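Here the working numbering is used: position 136 in the sequence shown is 136, and no number is missing along the way.
Hints are computed from structural coordinates only; laboratory data are not their basis.
As the structure is a prediction and not an experimental result, all values here were calculated from the model.
Think about it this way: if two alpha-carbon atoms lie no more than 25 Å apart in a straight line, the pair counts; the simulated SDA-like pairs of lysine to any residue are: (1) Lys159 to Thr93; (2) Lys49 to Tyr74; (3) Lys146 to Ala187; (4) Lys108 to Leu21; (5) Lys39 to Asp118; (6) Lys55 to Ala102; (7) Lys55 to Ala80; (8) Lys55 to Gly38; (9) Lys146 to Leu120; (10) Lys39 to Val79; (11) Lys218 to Ala25; (12) Lys159 to Lys179; (13) Lys218 to Ile169; (14) Lys39 to Thr50; (15) Lys156 to Val171; (16) Lys39 to Leu120; (17) Lys55 to Asp204; (18) Lys109 to Asp56; (19) Lys108 to Gly76.
Derived DEER-like restraints, expressed as beta-carbon distance ranges: (20) Ser178 to Ala101: 35 to 43 Å; (21) Tyr44 to Gln165: 30 to 38 Å; (22) Arg202 to His129: 33 to 41 Å; (23) Gln77 to Pro201: 27 to 35 Å; (24) His129 to Asp53: 27 to 35 Å; (25) Gly107 to Phe69: 23 to 31 Å; (26) Arg212 to Gly164: 35 to 43 Å.
Think of the CB as a built atom: it goes at the ideal place given N, C-alpha and C, for glycine as much as any other residue.
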Amino acid sequence: MSRVAVSILTCNNAYLGDAVLAAQAGGADMLHIDIVDGKYGGNYSFGPKTVADLKDLADIPVDVHLELFDPQLYIGQMVAAGADMITIQADSTSCPLRALAAIRGYGKKAGLGISPADSLSRLAYLAPHIDSLTLLSVEPGFGGQKPEESIYEKIKQAKEILRGQNREIPVMVDGGVSKETAPRYLASGADILLAGSAVFPRNDVTGEEITRAVAYYKGL
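Take these sequences, add in the hints, and give me the full structure.
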């Protein structure tokens, strides 16, 4: 059985609460909320109030993914909103180590995100300071994209680097999750599937469909 995190980026915002409850009913392990500022990711998404409201509703951990420049400026707000884990993009700041330390300083889990165009060159250096690694298979900020073919080898390389840490640092794959790609992600070594469009394929998707979709990916 695989672990599944659910991204609400492509969800109909008018039904966020119902969608989260439906995802939980399917066995979702984590709620993933992308915070995109229109500059780093070229799109706009959610803010601290959405995080706080969904944290009050959800019974699963909340991962806040800061897809914006200078993430250290927003960490305190996300902690106050109730984030259990905060993920920053490795290429979004000149000093990712400082941002990761700030997250852990609040007693929260620190995640590191790596974009498709970004290499794994800094992973060994940053690995001692992270609790989770998110590998983006698509460009940040937009849902429904097809994954880069290079992601499968990147997963294998990341797992090899993290093996030297002598502790579990799960690798989560963000983007392009489908019935075709999910088995390949897992076979390459992914620990967590981050599903967005796979769970919320349409604006009018029903709660039952959401629950079934999450349960399907959990069963892989």
